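Number of protein chains: 2
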Amino acid sequence: MRATGIIVEYNPLHNGHLYHLQEARKQTNADIIIAIMSGSFVQRGEPAIVSKELRTKWALEAGCDLVFELPVRFAVQQADIFASAAIELLKDLKTNALFFGSENGDATKFRIVAKLAASPLFEEALRRMLTEKKLSYGEAYTETLTSFTNELDVTKPNNILGLHYALANEKQEAGLKLYSLKRTNNYHATNAHSNDFASATALRKLLLENNLPAIKTKVPGFVYTSLENYQTPLLSFSSAYPYLRYRLLSDRNESLTVINSVTEGIENRLRRAAFEETAEDFLRATTTKRYSTSRVRRTAMQILLQFQKKDQPENHLRLLGMTKQGQAYLSTIKKELSLPLVSTPSKASQELIQYDIQASRLYHLLEGNTAQLDAPFSARPLLYF
Amino acid sequence: MRATGIIVEYNPLHNGHLYHLQEARKQTNADIIIAIMSGSFVQRGEPAIVSKELRTKWALEAGCDLVFELPVRFAVQQADIFASAAIELLKDLKTNALFFGSENGDATKFRIVAKLAASPLFEEALRRMLTEKKLSYGEAYTETLTSFTNELDVTKPNNILGLHYALANEKQEAGLKLYSLKRTNNYHATNAHSNDFASATALRKLLLENNLPAIKTKVPGFVYTSLENYQTPLLSFSSAYPYLRYRLLSDRNESLTVINSVTEGIENRLRRAAFEETAEDFLRATTTKRYSTSRVRRTAMQILLQFQKKDQPENHLRLLGMTKQGQAYLSTIKKELSLPLVSTPSKASQELIQYDIQASRLYHLLEGNTAQLDAPFSARPLLYF
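Keeping their order, the protein sequence lines are chains A and B. Under the working numbering, the letters of the first sequence match residues 1 to 385, in that order. Under the working numbering, the letters of the second sequence match residues 1 to 385, in that order.
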């Protein structure tokens, strides 16, 4: 069976995602679509707008056959770590192809630029750039790459993510055939009314403004219906702000500096900004040239979730949901998996799953859905037969 | 000038407190009444129902001349630490007498029993009791003392607190003349309707049930009026529960075991109980013979406020408010003070005041009054001239 991988967040799932999924199956001639999906928290550094359970359901209804959770320790990280962990999962799952959206849309370009970015020459230039200029890692990466080639506009967020997929594919010798779908709408567009495609950012904005009807034509019917019936509050960075604030106001410096991406004294800036009334003001007060808003948000979530520098999280295959075909595919490759497969957290190594269980619990705490606090531990994969 | 000390929480200030204050002035023939008052958090291990600023105003309106804050590191502690720090402040303030309420009411008994409890013989017996029986410190203290003497019923909470005042007075050679006022109503009574005296516990219960009118005859008019006009939410242990829960769910064991009274594996019990939906259920799930509800609440607040075992907080005289007479008295003794006098936190040693500033900030965070987060730092004493 031919398996194609996609790397998603579905935050929320919209028409563009559905199109991407259908094209993935068609263009790669796939029997099986495997989605690697962020769980309770997403790469931009905030809780997902709805639970991972509902987003898994959407993924299966949209046509994915297997949905695996990208462990939170790799999901709430900069593009290279995020991409590398996702590719590692797809490789272990014997995936033949990767189908990803990008502003560029030409997979060949990604392969070429990835080969270049994997070279020691590039890595040396990047190191120099980071030392010489006060830039964020992302900015230094982009600037270095641009000095090597203009094949790919790596100032575009999906191009840079795609490049990291291609790069991880190269470095891990994952052997995924790369396909890219050109994104037709402007990623940063916040006006959802222009056509039937709208960015997830625009849709989240409308949802958080309580304007569900405005997204009706932009998402599949099953997404719309489930959002109409969704009982718990939709989450955003703002939902986490009170707890983040409490932690910044009460933790000692020594408890902050042990956190994953707390470096270069950023803890002092974050701590001062915790006096700001709103999450928006907090982000405004902490974003600088060196620390992008996404980086600040991610750092904030790493503090909230207590990701520590000394931790050595292991990647693993947490199965969130499957169709009958997905199940059949999984049983054919099960014996060859080198990463641990986790179907029910309560039966897994506690060390392995601790961060994701904790993230789920905090997610429910942010929802105020605290009767569910122990649910993540005994959750079983969603069967969509 | 003759100064009499009282040790109070005024949580809230009621008719019984007013009577106590008037008797203090009368019986001790005092020119000046000095109140040592808990600040944002109180000895039973919860945030005070209203801010320390309002409680200071009450204290001054009720007739106190000087109000000092018992630093939070000593206020949210078991009786012996609480009492010892309060007596240290009164001693430094050249106070002549201590006037305290108790179930017994006979100051002579407290002096006698304190001498006994200060003896090495008693301390040895207490140590033995703690080793042999699985009792809380408070219970072991009571049981040991009861085996020595039945002069004083130390199962009564105000008797035991009074005893610790007398004991600290003895040990510190503070030279305070002791006076005790017999409490006329049952401390634990939660029925506030029996007469015009009601316990603070009963009054808090009514206030938290939003039944302000029910307390009208039980508190001085100025207290009632200010509660009618109080704009921010009244706080209780429940207000702190979401943040406590977040911390228990996200902190590692190593971050909990460094906390002041986290001993003997209580962190595991607290952590498990953080799954409980309500603060009441949390307390029910954690209270044992060895860990009284008050002890659990105090431990919880010490976790919330991050009191660490390694910290060596220093006692100091934080002036919250004064009358003209209070100010005159203070100026006569100012030069002889051995403890630091803090009028404006922003001008004081940051190390000295950090715990109280943090407690005030967290208090405002719990109120949702987050525009005030920086106010504690620049607060000046209330002048009641």
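Keep in mind that the hints were calculated from the coordinates and are not lab data. If you're wondering where the values come from, they're calculated on a predicted model, not measured in any experiment. Glycine included, each C-beta is placed from N, C-alpha and C at the ideal position. Hints are not guaranteed to be accurate.
To be verified - Facing chain B, according to a computed beta carbon distance under 7 Å, are these residues of chain A, among others: (1) Tyr243; (2) Tyr246; (3) Leu249; (4) Asn253; (5) Glu254; (6) Phe275; (7) Glu280; (8) Leu352; (9) Arg361; (10) Gln372; (11) Ser378.
Hint-by-hint comparison with the structure:
Given the 7 Å rule on beta carbons, the hint for Tyr243 (chain A) holds: about 5 Å separates it from the nearest Cβ of chain B. About 5 Å separates the beta-carbon of Tyr246 (chain A) from the nearest beta-carbon of chain B, less than 7 Å, and the hint is met. With 7 Å as the threshold, the beta carbon of Leu249 (chain A) comes within range of chain B, its nearest partner Cβ sitting at about 6 Å, so the hint holds. Against a cut-off of 7 Å between C-beta atoms, the interface hint on Asn253 (chain A) is violated, since the closest Cβ of chain B lies about 12 Å away.
Taking 7 Å as the C-beta contact cut-off toward chain B, the hint placing Glu254 (chain A) at the interface is violated, the least distance being around 10 Å. Because the beta carbon of Phe275 (chain A) sits about 5 Å from the nearest beta carbon in chain B, less than 7 Å, this interface hint is met. For Glu280 (chain A), the interface hint is violated, since its Cβ never comes within 7 Å of a Cβ in chain B; the closest pair sits about 14 Å apart. Violation of the interface hint for Leu352 (chain A) is found here, the shortest Cβ-Cβ separation to chain B being roughly 16 Å, above the 7 Å cut-off.
Because the closest C-beta pair between Arg361 (chain A) and chain B is about 5 Å apart, less than 7 Å, the hint holds. Taking 7 Å as the C-beta cut-off, the interface hint given for Gln372 (chain A) is violated, the closest approach to chain B being about 10 Å. With 7 Å as the threshold, the beta carbon of Ser378 (chain A) stays out of range of chain B, its nearest partner Cβ sitting at about 13 Å, so the hint is violated.
Hint compliance for this structure: hints 4, 5, 7, 8, 10 and 11 are broken, all remaining hints hold.
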